[in-house]
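K.L.:
Work out the full structure: start from the sequences and follow the hints.
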Amino acid sequence: MPPERNRTETGQPGQGKAVMVRADGVTKTFGRGASMVTALDRVSLSINENEFLTLLGPSGCGKTTLLRLIAGFELPDAGQILLDGQEIGHLPPYQRPVNTVFQSYALFPHMSVARNIGFGLEMQGRPASEVAQTTARMLALVRMEDMADRRTDQLSGGQQQRVALARALAPHPKVLLLDEPLSALDLKLRKNMQIELKRLQNETGITFIFVTHDQEEALTMSDRIAVMSAGRILQVGTPKEIYHRPSSRFVADFIGDINIFAATLEKTGPDGATVTLPGGGKAVAQVHAAGVVPGPVSVAIRPEDMHLTAAEDKSAAIRGRIGNVVYFGSGNNVHVTLADGTEVIVRSNEAGAVDSPVGIAFSPGKLQVLED
Amino acid sequence: MTDLSASTVADNLARARRISESTARRRRLQLLMPALIVIGIFGLFPLTITATYSFLSPGTYGGVRWEFSTDAYVQFLFQRDIFDDTLSFSDSYLRIIGRSVGLAFVTTIGALILGFPTAYFIASKPPNQRNLWLFLITLPFWTNLLIRTYAILLIIRDEGLINFALVGSGLRSTPLNILYTDPAVFIGLIYSYLPFMVLPLYASLEKLDFKLVEAAYDLYATRLQVLRRVIIPLARPGIVAGCILVFIPGLGAYITPTLLGGGKKLMMGNMIAEQFGASRNWPFGSAAALILMTVVMLALVVYVRNSGQGGRRHG
Amino acid sequence: MADARRPRTMDLRKQPGFNQIAWLCLIFLYAPIVVLIVFSFNDNRSVVRWTEFSLRWYAAALDNQGIRNATIVSFKVASVATVFGTILATMAALATTRTAPFRGQTLSYAIINQPLMVPEIVTAVSTLALFAIIKQLTGLTGIGYLMLAHTVFCIPFAYMPIRARLEDMSLTLEQAAADLYATPFQVFRRVTLPMMSPGIVAGAMLAFVVSLDDVIITLMVAGPGETTLPIYILGQIRRGITPEINAVSTLLLGLSVILVTAFFLIGQRRR
Chain A
1017 MPPERNRTET GQPGQGKAVM VRADGVTKTF GRGASMVTAL DRVSLSINEN
1067 EFLTLLGPSG CGKTTLLRLI AGFELPDAGQ ILLDGQEIGH LPPYQRPVNT
1117 VFQSYALFPH MSVARNIGFG LEMQGRPASE VAQTTARMLA LVRMEDMADR
1167 RTDQLSGGQQ QRVALARALA PHPKVLLLDE PLSALDLKLR KNMQIELKRL
1217 QNETGITFIF VTHDQEEALT MSDRIAVMSA GRILQVGTPK EIYHRPSSRF
1267 VADFIGDINI FAATLEKTGP DGATVTLPGG GKAVAQVHAA GVVPGPVSVA
1317 IRPEDMHLTA AEDKSAAIRG RIGNVVYFGS GNNVHVTLAD GTEVIVRSNE
1367 AGAVDSPVGI AFSPGKLQVL ED
Chain B
22 MTDLSASTVA DNLARARRIS ESTARRRRLQ LLMPALIVIG IFGLFPLTIT
72 ATYSFLSPGT YGGVRWEFST DAYVQFLFQR DIFDDTLSFS DSYLRIIGRS
122 VGLAFVTTIG ALILGFPTAY FIASKPPNQR NLWLFLITLP FWTNLLIRTY
172 AILLIIRDEG LINFALVGSG LRSTPLNILY TDPAVFIGLI YSYLPFMVLP
222 LYASLEKLDF KLVEAAYDLY ATRLQVLRRV IIPLARPGIV AGCILVFIPG
272 LGAYITPTLL GGGKKLMMGN MIAEQFGASR NWPFGSAAAL ILMTVVMLAL
322 VVYVRNSGQG GRRHG
Chain C
259 MADARRPRTM DLRKQPGFNQ IAWLCLIFLY APIVVLIVFS FNDNRSVVRW
309 TEFSLRWYAA ALDNQGIRNA TIVSFKVASV ATVFGTILAT MAALATTRTA
359 PFRGQTLSYA IINQPLMVPE IVTAVSTLAL FAIIKQLTGL TGIGYLMLAH
409 TVFCIPFAYM PIRARLEDMS LTLEQAAADL YATPFQVFRR VTLPMMSPGI
459 VAGAMLAFVV SLDDVIITLM VAGPGETTLP IYILGQIRRG ITPEINAVST
509 LLLGLSVILV TAFFLIGQRR R
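Residue numbers (our numbering), protein chains in the order written: chain A, 1017 to 1388; chain B, 22 to 336; chain C, 259 to 529.
In short, the hints are calculated from the structure, not lab data.
Remember, predicted model here, so these are calculated numbers, not experimental data.
Do not take every clue at face value.
PhoX-like mimics (lysine-lysine), calculated; alpha carbons at most 25 Å apart, straight line [to be verified]:
hint : chain 1 : residue 1 : chain 2 : residue 2
1    : A       : Lys1033   : A       : Lys1190
2    : B       : Lys146    : C       : Lys272
3    : A       : Lys1298   : A       : Lys1283
4    : A       : Lys1256   : A       : Lys1214
5    : C       : Lys393    : B       : Lys228
6    : B       : Lys232    : C       : Lys272
Far from chain A by the CB rule (all over 10 Å, computed), these chain B residues [stated by the list, open to error]:
hint : residue
7    : Asn33
8    : Leu65
9    : Ser111
10   : Arg257
Glycine included, C-beta positions come from ideal geometry on N, C-alpha and C.
P.N.:
As structure tokens, this is what we get:
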């Protein structure tokens, strides 16, 4: 085994909860020779019982591959996958007690809604009465009682989504895998389904692993988020941790709007690190990554964690001139250009005149030092 | 936690992968082999028999005698004198090959001239109407070629509908002699193979993005320029495919020259058939079949070359 | 104004004369068939001069022992060739789709499509030569040879729609079934087979039509007493034109049209 480079797991499982899924050093490559692509590079991750975990990342980051490895559609090149303590990495999909909600829903077009939902139980050889009972219960759970005998191609996108969910939940799997299930829905329906999914997870008590590239969706629904990039897991944590304490530049940049600029780290102390900002001002920044040493660093702060002041105001950490003001309904994004040319975006209720000098103050404890 | 040792996990994985790969391979072979064997033995292997026969001597009542001979090929160019066995140049078979290639070529051009506008017309229809049009164009293709040729014969013969109308209306005093001429065969061939031209043309025109046409108009192209500089180049793979699909069966046509050429205007197809029937010279018939195959293969090579390029250009 | 040269509502898709040519093609394709059908209902020996509507030629055709025998032979051969051709084509289609590219894939396609690429007359005389050898070696005779020859060229015709159907089908459905505890056999039985069945039906119908219509290969391979309907018609045409031929031809056309229309409708419903 190589050094523990990729085993940095933050946001460790809470006390007293059993681990449901564990991936350990999982590697998966596609293709051969020059065209070989490493989809997963020694990925390790633990997911708790009854947890809603989101795999978040841009397309091609390996999140769907990890899901397919857990489902059994692909075999890993190396590493192990444990489900409830059992090694399952080598088992075919039909021997794994996990079910998938596919991005395209993959409803069987030649079967009715009810037959779709009962399919898994039927394949498990459950008696017909049990299949019928569970199917009815699932139809009620997703509020589709009236649609039992419909053909699946007569359903709307949202309804198909519910059937796909019911079908995957009917055999009561230990883990439900969701592969970008909301991406085909329009915005309003997506918002409703986010709440619906959360409700279903609470009611069934099943572990959900949810794949998405939509950071807002991830923040809304998850107990914990694992941010992935280029086949690796960069950070695992609660939505709050991920949002407010991104450990790396990639995570900070990927989730929400954030201002990143160069600074010099002077010294680290108990309250955080003292950094020199562009324009010479000093500020205290939080350090979450290990091994940060004095010298040039990147610091980050979110637009809503800053406010505009008068140019001469002492509380201002940095100063510049107002460029564009972009109105977005509940406020403005004020673009401020610093003396060295860096552009900073500040969320503000008042706008200020273009080209007028302005100061920017930081809310305490919000400035972060990033690991590059 | 039951942490398995790394080697056990690796073993399990390797076994799972081996099993899934080998079952996939075995199943594929089991499924594929029956069709390949049947076609191999009864489709491909007979071609080698024909190739062999072309180098043997003819048997008296059909079949072959197992004596090596190149007579079958010599016969294409020379006539052997019955009395003194001398060879003299004869172009009668070359003419048949020439007529076949010529008729197939003219048919291809004619089908293209008729087929391209038709395919374009269908492709520019709204999607729900396209399938109906396509169906109407392909329907004759799936009906009996013999019967369709017979229908043409009914119309163009001396006592046929066209002459009935011509003579009846006083436009001509004697019937126009069409049947048993090259034009009759030409009409029959176009009629038989027009759907072969329209289908591939439609397939590539349907994919054509009409925004490209709009863009060309936007850049001051006239209708003719749009056709020549945008539509035809983009439809090239379809044009090539359509021409090949008309040319190949046209070259080997049997029914059309038999019925509409009246056995006087021979093409390669009925010439070959004759050697295995009435004339009973199997080696000569085999040689002719081999020559026909060679021309067809050449045409296919041209097609593969061109369609490959077209595909790449399309991305 | 430059605009003045062009009409206000310009259909950019149109090319001058194209519509007319398309309609001309349609008339060209159907006029002879229509004439043939119309005169099959003519109460007259002439196939040109219309006198009165009559079904007498149909009655004559149905009463003709030669036509009856030929019809039976045609259906026997087409049924056997369709069943075996479709089974082999279905298996081959399952093997050549839904897998990663494998060695020999292109070669497999080429072999399966071989009967389509070789001119029919060449296939016909080559098959004749092979069967002559087999007959000489084994002494076996019978209609089996004809059925075998038809099976061979039915395979690629049945293969085309089945393969197209399989390629249209998303692999995700089978994965979903496996995810829901279906074993590989159950996946095939419950998902793959029902999903591909329209393709199989379409393939079988094409194979049947193609076998029913074949002339050249049958002409070469068929032995005495194995006259199929098209061969019978060909013989009659050579002997002289009668409205009875029109009647038989119309019936055979009608059968093909019904089968192909059904094929078309299956394709439509799929969309």
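K.L.:
All hints are to be evaluated individually against the structure, with a verdict given for each.
P.N.:
Against the structure, the hints come out as follows:
The suggested pairing of Lys1033 (chain A) with Lys1190 (chain A) holds, with an alpha-carbon distance near 15 Å, which does not exceed 25 Å. A distance of roughly 10 Å separates the Cα atoms of Lys146 (chain B) and Lys272 (chain C); the hinted pair therefore holds under the 25 Å criterion. A threshold of 25 Å between alpha carbons decides the hint, and for Lys1298 (chain A) with Lys1283 (chain A) the separation of about 12 Å falls inside it, so the pair holds. For the hint linking Lys1256 (chain A) to Lys1214 (chain A), the alpha-carbon distance of about 17 Å falls within 25 Å, and the restraint holds.
About 51 Å separates the Cα atoms of Lys393 (chain C) and Lys228 (chain B), which puts this hinted pair outside 25 Å; it is violated. Under the criterion of a C-alpha separation no larger than 25 Å, the hint pairing Lys232 (chain B) with Lys272 (chain C) is consistent with the structure, at around 14 Å. Some Cβ of chain A comes within 10 Å of the Cβ of Asn33 (chain B); the nearest lies about 4 Å off, and the non-interface call is violated. No Cβ of chain A comes within 10 Å of the Cβ of Leu65 (chain B); the nearest lies about 33 Å off, and the non-interface call holds.
With a least beta-carbon separation of about 60 Å from chain A, Ser111 (chain B) lies farther than 10 Å from that chain, consistent with its non-interface assignment. Look at Arg257 (chain B): its CB is around 30 Å from the nearest CB on chain A, clear of 10 Å, so calling it non-interface holds up.
Going down the numbered hints, you'll see the structure goes against 5, 7, while the others check out.
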